[in-house]
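Trainee: Given the sequences, and given the hints that come with them, work out the whole structure.
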Amino acid sequence: MSAPSPMSQGPFTPPPAQPVSKPAARKNLLLAGVLGGGGCLLVILVVIALIIVFALRGAGGPGASGGGDEGSDVADLTPEEQSTALVTEYFEALSAGDAAEALDLMPLIEETDTEALPLETYTAALELAPVADVEVGTPVIDTGGLIDADVPVTFTVGGESVSDTYSVHDYDDDGVLELTGTSANLTVPDGAEALGMTLNGAEVTDGQRLLLLPGGYEVAYEVEHFAPSSSDPVLVGEQHSPDELPEPQLTEDGHTAFRDAVQQSVDACLEENTFQAGCGMSEVPTTSTDGWTMVEGTVKRSISEDTQRTIDTMEGTPSYDEPTYVEGSGVGSVETTVECTKDGQRGLCEMWLGGGMSIPHVDMADPKMPVTWS
Numbered sequence: 325m326s327a328p329s330p331m332s333q334g335p336f337t338p339p340p341a342q343p344v345s346k347p348a349a350r351k352n353l354l355l356a357g358v359l360g361g362g363g364c365l366l367v368i369l370v371v372i373a374l375i376i377v378f379a380l381r382g383a384g385g386p387g388a389s390g391g392g393d394e395g396s397d398v399a400d401l402t403p404e405e406q407s408t409a410l411v412t413e414y415f416e417a418l419s420a421g422d423a424a425e426a427l428d429l430m431p432l433i434e435e436t437d438t439e440a441l442p443l444e445t446y447t448a449a450l451e452l453a454p455v456a457d458v459e460v461g462t463p464v465i466d467t468g469g470l471i472d473a474d475v476p477v478t479f480t481v482g483g484e485s486v487s488d489t490y491s492v493h494d495y496d497d498d499g500v501l502e503l504t505g506t507s508a509n510l511t512v513p514d515g516a517e518a519l520g521m522t523l524n525g526a527e528v529t530d531g532q533r534l535l536l537l538p539g540g541y542e543v544a545y546e547v548e549h550f551a552p553s554s555s556d557p558v559l560v561g562e563q564h565s566p567d568e569l570p571e572p573q574l575t576e577d578g579h580t581a582f583r584d585a586v587q588q589s590v591d592a593c594l595e596e597n598t599f600q601a602g603c604g605m606s607e608v609p610t611t612s613t614d615g616w617t618m619v620e621g622t623v624k625r626s627i628s629e630d631t632q633r634t635i636d637t638m639e640g641t642p643s644y645d646e647p648t649y650v651e652g653s654g655v656g657s658v659e660t661t662v663e664c665t666k667d668g669q670r671g672l673c674e675m676w677l678g679g680g681m682s683i684p685h686v687d688m689a690d691p692k693m694p695v696t697w698s
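Under this note's numbering, think of the first position of the sequence shown as 325, with each following residue one higher.
Calculated from the structure, these hints are not laboratory results. Certain hints may be false.
Stated by the list, open to error - Computed Cβ-Cβ distance ranges for the label pairs, DEER-style:
#1 Glu568 x Ser612: 51 to 57 Å
#2 Ser698 x Glu571: 19 to 25 Å
#3 Arg670 x Glu576: 46 to 52 Å
#4 Thr665 x Gln600: 17 to 23 Å
In this text, a Cβ means the ideal position worked out from N, Cα and C, and glycines have one as well.
Mentor: Structure, rendered in structure tokens:
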């Protein structure tokens, strides 16, 4: 005799069975049969519904996922259709000002040394110089090896017309093309970091290679007394040829500070009564060619009105590789006299050409603004 089978656990324990009459048993059996038949019918209907749902999903359509196998649907499109769709979708994102979507459609290639700026930088770029009037041309397909295509595009950035070509490739030979990450890039020039340069508010560093989406980029400096030579945003449209950044220059306040520093240095040099006074001036010789001996501590120096005007109107030019080191122009001649003696006589000698001052350089990054001469 076999052991009894364990009872299945249900939501409740049924009461003990009671004796029933034959008609009742027949009635219950009929009811059970009806319910059993209805259950089978319900199961069949559910199975049919699931088959229909999966069939519809598998059929797909434009943008259908194919039940998680997106590549199989995309691969059904021709290379021309894929190329056009990829570039069109990318430019739709740019035109909508959706930088996040644009970066997702054409992401940065990790193997390169190019770096992405913060997302808000690109969003601001598309606000400063919107992308519009997009026309996607007919793709040129190359099927010699792995399929790739070049797609011509015309559009405007900030109202300026741009013609460019975007590339798509089938790198893994699965029949699905991908938009190549060939956005414009920019190498930050040397000296930008010393100026505290920013692009649309994002700080950058010397030599940094930056990814740029189409749009406008405002250059600004955090260091006092400096500004870009143009306040207009830099327009980026072509993938490989972004406009060069504007050169740094002194602001009006910067020029005033520069001239004040030069003037203070000049005044200090003019006050010196020694043979050597600085500011690039030649040292007073101890003797003259005709035998006069100069007396130390008796030198007097002065400048003309023309020389003073040169200082008052001098323009400072930031150095190329060290822009906070600002160069002026030649100050001009200096009138130099000195007491001298010869054979017991005492006179006043005048230095030929006075030992004119050279070119001033002001370190604008130093709060003291020291001046050197060359």
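Trainee: Would you mind marking each hint as holding or not holding in the structure?
Mentor: These are the hints, each one checked on the structure:
1. Glu568 x Ser612: 51 to 57 Å: Holds, since Glu568 and Ser612 (Cβ atoms, about 55 Å apart) stay within the stated range.
2. Ser698 x Glu571: 19 to 25 Å: holds, 22 Å
3. Arg670 x Glu576: 46 to 52 Å: holds, 50 Å
4. Thr665 x Gln600: 17 to 23 Å: Given range 17 to 23 Å: holds, Cβ gap about 20 Å.
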